[in-house]
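All chains, please: the whole structure from these sequences, using the hints.
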Amino acid sequence: MIFFRRQVPLLITLITGLVFAAQYYVPHPASEQMLTSVTKWLQIISGFALVLGVSSLFHVHAIKIRRKEAGWGYSFVLYVSMLGTIAVGLWSNGKEAVDGTMTAFGWIYNFMMVPLQGTMFAILAFFIASAAYRSFRARSREAAVLLIAAMIVMMGRVPLGEYLIPISGDLSQWILNVLNASVRRAILIGVSLGTVALSIKIIFGMERSYLGGGKE
Amino acid sequence: MRAEGLRQNVLRAVLALATVMLGWQGLAHAQPDAQTKKTLSPPQDVRAFDTPSDGGGSLTVVWSPAPYDSAATRYQVLLSEGTTVPDLAAMKVVAEFPANQHYVRESKWPWWTRPATAEQHQFTLRNGRGVELKNGTTYSITVAAVLNDDRGIAQPVQATPQPNWMNWNQINNLVLALLFGGIVFYAISTARKREIFLRRIPGLDAVDEAIGRATELGKPILYLTGAHDMSDPSTIAAAVILGRVAKRTAAYETDLLVPHRDPITMAVCQEITKQAYLEAGKPDLYKEDSNFFITSDQFSYTAAVDGIMLRKKPAANFFMGAYFAEALLLTETGASTGAIQIAGTDSDHQLPFFVTTCDYTLIGEELYAASAYLSREPVQVGTLRGQDIGKALILGILGVGTILATLGVMLDVQWPQLFLDVFKDVK
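Here the protein sequences come in this chain order: V and S. Just so you know, we're using our numbering here: the first sequence kicks off at 2 and counts up by one. Just so you know, we're using our numbering here: the second sequence kicks off at -3 and counts up by one.
Take every hint as true, because none was put in to throw you off.
Below, simulated SDA-like cross-link-like pairs (lysine to any residue); rule was C-alpha separation at most 25 Å, straight line:
#1 S:Lys309 / V:Tyr75
#2 S:Lys270 / V:Gly206
#3 S:Lys104 / V:His29
#4 S:Lys104 / V:Tyr25
#5 V:Lys69 / S:Ile304
#6 S:Lys130 / V:Ser38
#7 S:Lys104 / V:Gln24
#8 V:Lys65 / S:Gly214
#9 S:Lys308 / V:Val61
#10 S:Lys309 / V:Ser131
#11 S:Lys283 / V:Phe77
#12 S:Lys308 / V:Ala63
#13 S:Lys387 / V:Ile188
#14 V:Lys65 / S:Asp280
#15 V:Lys69 / S:Asp285
#16 V:Lys69 / S:Ala300
#17 S:Lys420 / V:Thr196
#18 S:Lys104 / V:Glu33
#19 V:Lys69 / S:Arg307
#20 S:Lys420 / S:Val171
#21 S:Lys309 / V:Leu58
#22 S:Lys283 / V:Arg6
Worth flagging that the hints you see were computed from the coordinates, not collected in a lab. Remember, predicted model here, so these are calculated numbers, not experimental data.
This is the structure:
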């Protein structure tokens, strides 16, 4: 059994890793076709995996309801909304609109999901303000540098700021284009090398913990 | 009567003079055209061939520069299917551009795949915009030079588009990847023989502190693996670090909560966590539900995790992997609960938010270094050394490349390009 649990996945990883690394250098349509097919496989596997996810979700929240754990009411709401949406979705054939008329499923999506998502996203503005307030308190030298840089960039990015301090526009562009861009590129070079190194370790079986740990 | 006759003669003389003058002017205007007509010869040395290193459906034509190359003169690329061309004028014009454009030196070909010298003209025909090139079909292709009504057409040449099995333009990329791979293997073999120094990473030193604090407070640890699935290296790195963290939570007998956005990542992390508890000698403490799926939707997931933070008040929050707009929503909520927060991400656009709201942040490659730092295994540590050598090389190349590029511009010479091309389009 250890052969199927360890050696076979490692062999599959080695072969597919090498084949798809080589695929990058092969412009032939056959190579492109292979990549497209495998991408479709991934989508199909992801579709099946969703069943795994949903069953996990049901299981976790069923336990919470059964044990009446703190906040079990939320789990109940989740059950009702999920089953309700599935029922409505099946009834509407999974369509949001038929002949220009919105279905119940479309109504749930447009008038419940979208506003809720928008609300979550809108909270970000307040969170940015509170995070900025905490980090811009010049308690250390680094925080002071952050504060000064942020002030200059903010002044340079809004018309009123640039009107009051004309040089802030150029200064802000310089901070973004020179300081910021060079640091980002340095980070990206490091990330790229890290990605390649991790890929090499995975392809050649030196990193196996993603298979469930163990060193055998 | 005599005076009238004299006036008429003068008028005739003026008219004759004006006619002569106008005629001369007209001749003067026509003269250069006639001269140009004599000099506008057809483009020379026209060659057409299948565009190298591509997926087919493309032809390239090259020809020599001519004395009349200027913005006023235009080149036309003409195409017809088949090997014979009964009438040159009937060929289809598929491209037209000023004669001072489309030189080989302006193309993206590096020097080792250039089909002609830098000063020659080139044009690559591709499928689309009224051109349909079928692989395996022979086409006749030629170039015409056009100035006003004059047109010099070269003799057509034949070429057949074919798909290629190797992209030689990116051979530098392959060589550098192999070189880096070789460096990594060498560094691993060195690490097996002797100990390699690892600099301290405060964010990883704090892992034990965070788990210890959670144990003391009797509160759980929250670990997130990011927004991407297992095809992303940052998620794999996050899953690998989870194994190390889970081993310590098992040893300290602390609860671990790992909410997921991707079911496959959840399944992998379940296995990793189970193995970690086995290795820690606490298999009975492992809970199947410690890894659980929430949803793939970005903000629904964020709302759910924020809810978990506010209700369960974890003592330590780990944010590893790739993040987007949800990063600040998660970390700011975590900060409001007073938890120790450790983030690690290669999403450079979210780094400011993590640095602002978390106690420790693993920046970029530190996420990939975390596994080596926590395990201290020679393979992992050797890989880190390999990355460092790779970075030193890149730094050296950046320095040398900057000097050479500057010299190339200052001295107006082409030879620095030989070096710069080797490191061009490396991605």
